[in-house]
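Respectively, the protein sequence lines represent chains Y and V.
Sequential numbering of the first sequence, starting at 1, is according to our numbering.
Sequential numbering of the second sequence, starting at 1001, is according to our numbering.
Misleading hints may appear alongside valid ones.
[Stated by the list, open to error] With a cut-off of at most 25 Å between alpha-carbon atoms, the simulated DSS-like pairs for lysine-lysine come out as follows: (1) Y:K107 <-> V:K1038; (2) Y:K107 <-> Y:K255; (3) Y:K211 <-> Y:K69; (4) V:K1007 <-> Y:K107; (5) Y:K292 <-> Y:K74; (6) Y:K542 <-> Y:K154.
[Claimed, not checked] Anything over 12 Å on all C-beta distances counts as not near chain Y; from chain V, calculated: (7) R1009; (8) V1013; (9) E1048; (10) P1069; (11) H1100; (12) Q1158.
These are computed hints drawn from the structure, not numbers from a lab.
For glycine and all other residues, C-beta sits at the position ideal for the given N, C-alpha and C.
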Amino acid sequence: METRVIGKSVPRKEGREKVTGRARYVDDLSFPGMLHGVTVRSPAARGRIRAIHFEGEIPWHEFTVVTAKDIPGKNCIALLIDDQPCLAAEFVNHPEEAIVLLAHDDKYLLEEARRAVRIAIEPLPAIFSIEDSLARKEIIWGQDNIFKSFYVEKGDVDRAWSGAEFVVEGTYETGAQEQLYIEPQGMIAQVNEAEGVTVWGSLQCPHYVHKALMMLFGLPRERIRVVQTETGGGFGGKEEYPSMIAAHAALLARKSGRPVKIIYDRAEDMVATTKRHPSRTRHATALTRDGKLLAMDIDFTVDGGAYETLSPVVLSRGTIHAAGPYACPNVRIRSRAVATNAPPHGAFRGFGAPQSVFALERHLDRVAEVVGIAPEELRRRNFIREGQTLAVGQVVKEKVDMNDLMERAFELSGYHAKRKRFTETNSDSDAHGGIKRGIGFASFLHGAGFTGSGEEYLASEVAMEGMADGTVHILAGSTEMGQGTNTIFAQIAAEALRLDCEQIRIVQPDTAYVPNSGPTVASRTAMIVGKLVETAAAGLLKTLQDSGLLRNGYGAADFSRACCLYVAKNGALKSFVKYEHPHDLHWDDQKYSGDAYGAYAWAVYVAEVSVDTRTAEVRVNDFVAVQEVGKVINPVLAAGQIEGGVAQGIGFALYENVVWQEGRMLNAQMTNYVMPTSVDLPTIRVYFEEIPYGRGPAGAKGIGELPLDGTAPAIANAIVHATGVDVRRIPITAETLLEMLEAVHA
Amino acid sequence: MPESARKIRVSCVVNGSAASFEAYPMARLLDVLREELKLTGTKEGCGEGECGACSIEMDGALVNSCLVPALQAEGATIRTIEGLAIGDTLHAVQRAFITHGGAQCGICTPGMILAALNLLARHPQPDDAQIREGLSGNLCRCTGYMKIFESVVAAVRQAETPA
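Here chain Y stands alone, though its shape is the one from the complex (with noise of 0.2 Å):
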């Protein structure tokens, strides 16, 4: 298909605001009488508020304090459940629980009365980690400490060990890694007679914000108004957390009657946010003699932190993504998210498909070993292909070759004579100044969209407004968050009328005026809501077609005009579309089997590492990444999607430690949290394969949160080619390295 806009690099958007500094995110604002808000959280990780006490030499009469007896509705922050409370009123449950709010104009005052106020707790016992929740050393949360569980199960995996060669079985870990978008979380707050409640802020996902902020203040939806601000970047981290943030600003905007600002500064957003959750996967895989794939029985836990939050959702994902793109007859996967008393882990790109798909590719090149083939022979025998069934019975119905992706990411990166060559020079163990080598990779596929029944209970919505001056406006509460959301819609819009992205502008997320669109995660946003712009323009083309002031072969000029009468004529020109789910699309929700997601991206990377064996310090030395995504929209933003990603991944699996001491945070400061600089990365090198899909707009897929899901275990396998360790949990930081590097040489 002749494409003129879609394929092609257009400058991002709100680029020129962004590079000369005008672009305005929270913390640039500033209203008259503007207090600002600060949080004092719980010094306990567990245990009963006996008592608050404000001390000091502080002018109390001067601040606007909050506690949980001032909400004026219900005590909590509304997402699946409402089990998290905005402020704890009685008891605790994590370290940094939210229990008392202090608005104040001077915010250096502010700071100090923070440190004067001491909440006196009488300590439960609390419980920290899988284990220990599993083991129900306390009970926590609800009857088991459970806040939800999977079972999926094709075929019969517990017939099949008897007919098996080889059964290899392995553990494997993923730690916390904090989202760290460079924009700290805020949100400014506004509560009055007349507009009832309304709060800018950085976030994702306005429609969420607004829900908590109805239940908390117990109002009808049109006395709530969420608007996003410039977001400086979101990794799902700005997913369900401001709602926290904008909670704690409107009760202290309406106690005190003025605008309230809070801003966390970075130790704050590290120690009190949410984080990616840790998981352990237990592997059972029964093989034939040449290695075909008989059964796969996985195990699959997260923690989910003191409450439930989306750990449910993210949980799903795990689970349905553990199996990986492989044909396996029998496969049983049981999952759970437990409780412990550390702050609610959440969304962060990828969402749970990090953790389960780093514990496969790695389980993978394990098993290949014993079976005595390479690892990338042990995939091609065993890949999915159009026409089978994933492990969650769905049948793939897409054009499928992932062999033909791995051949491709091995000829880019010299797989196959550097994997030889390593192998050589790494066995001369002195040789190289104690430098050994590595390559390595992982095969994997990412779902696109809400999973399973989802995107048909989201039931979103997109507007499109074609103005008197011949402009068209676009409508929906999806977020620009540095990812592309604005851009590749007008790039959608464009396409489908016949005009340049000049033409197309982007209403500011704003649920007074855009319709819910359902939230900014999943890699949804280009695939589900660029469908429904996509639909929409179609919708108000056919409009002015139909009215007579359009005809075939038109130009901008002639689009322009035909808006103007158009308008003068009728009021004005809208479309209006909702998402309609595909009727032959079908999730049993019971069963946890169906057709998970209406797409996947496919992908293999290729990690080349060095390792210097006496200081354990890791390098990437390259990184080729190669996915099937569909049509892709804008090429300079999606390769910037996946170097992005990619990088989030060699964090996640060298360097991102999150060091924790009785829930709580140890390392909440960037300068020990370490992510890569510029001088850590290789080269990263993105190829793309596109197959367009025929329900995402002009083809193209969900791309998001693939290069989380590849990157770690590329790495990790790569380190084991390297070194001969095993490496069963990451972050490989180079103390954990060392030790394994010892225990090789013992």
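With chain Y held as given, fit chain V onto it using these hints.
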């Protein structure tokens, strides 16, 4: 901040114009720029000199404005992101960041662009290692830096091409 500290008057040159403000001597230059001079293009990412989002040029050197006390600005020549474009005409580095995907969420972008300018002032024809080194004090969580490197290279190429 000690209660005895009194605000002082500081005069300096910001983006080519004389500027004067009152501030506590140890107030962060970052806050003064953002709150007193309303130059909110300079961002705070960490407040401890790690991320570089608050990078500005002070007397030709790249500094983290979150670590600079206001009193040090006395008599200094300061350049922030707001001082780059001339009217509506963007600086070549700004243009390259738009064209080559050097900005995603944009929060590190002002600091990153100032770091790039400072690098190019020292190395007008930087090689890959010099670019990486020159930008290593500025963290970006979105791009993986690849498109930022490309933007810098493109800006150099653009500068070479006669208009």
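Find the nearest Cβ of chain Y to the Cβ of P1069 of chain V and say whether that gap is larger than 12 Å. At about 15 Å from chain Y, P1069 of chain V clears the 12 Å cut-off, so the statement holds.
Given the hint that K107 of chain Y pairs with K255 of chain Y, does the C-alpha gap stay at or below 25 Å? Given pair K107 of chain Y, K255 of chain Y holds - Cα atoms ~18 Å apart, limit 25 Å.
Does the structure keep K1007 of chain V and K107 of chain Y at a Cα separation of 25 Å or less? Holds - the C-alpha atoms of K107 of chain Y and K1007 of chain V are around 16 Å apart, at most 25 Å.
Exclusion check [H1100 of chain V not at the chain Y interface, CB over 12 Å]: 7 Å, violated
Does K69 of chain Y sit within 25 Å of K211 of chain Y, going by the straight-line distance between their CA atoms? 21 Å, holds
Check whether the Cα positions of K107 of chain Y and K1038 of chain V lie no farther apart than 25 Å. 17 Å, holds
Does Q1158 of chain V clear chain Y by more than 12 Å, comparing its Cβ with all Cβ atoms of that chain? At roughly 14 Å from the nearest Cβ of chain Y, Q1158 of chain V sits farther out than 12 Å, so the non-interface label holds.
According to the definition I'm using, a residue is off the interface if its beta carbon is farther than 12 Å from all beta carbons of the partner; does E1048 of chain V meet that for chain Y? Given a closest Cβ separation of 6 Å, the condition is violated.
Pair hint outcome, K542 of chain Y versus K154 of chain Y [Cα-Cα no greater than 25 Å]: Violated, at roughly 46 Å.
Status of V1013 of chain V, Cβ more than 12 Å from any chain Y Cβ: 18 Å, holds
Looking at R1009 of chain V again, its CB stays over 12 Å from all of chain Y? 20 Å, holds
Would you mind confirming whether the straight-line C-alpha gap from K292 of chain Y to K74 of chain Y stays at or under 25 Å? With Cα atoms ~55 Å apart, K292 of chain Y and K74 of chain Y exceed 25 Å; violated.
Hint check: violations occur at hints 5, 6, 9 and 11; the rest are consistent with the structure.
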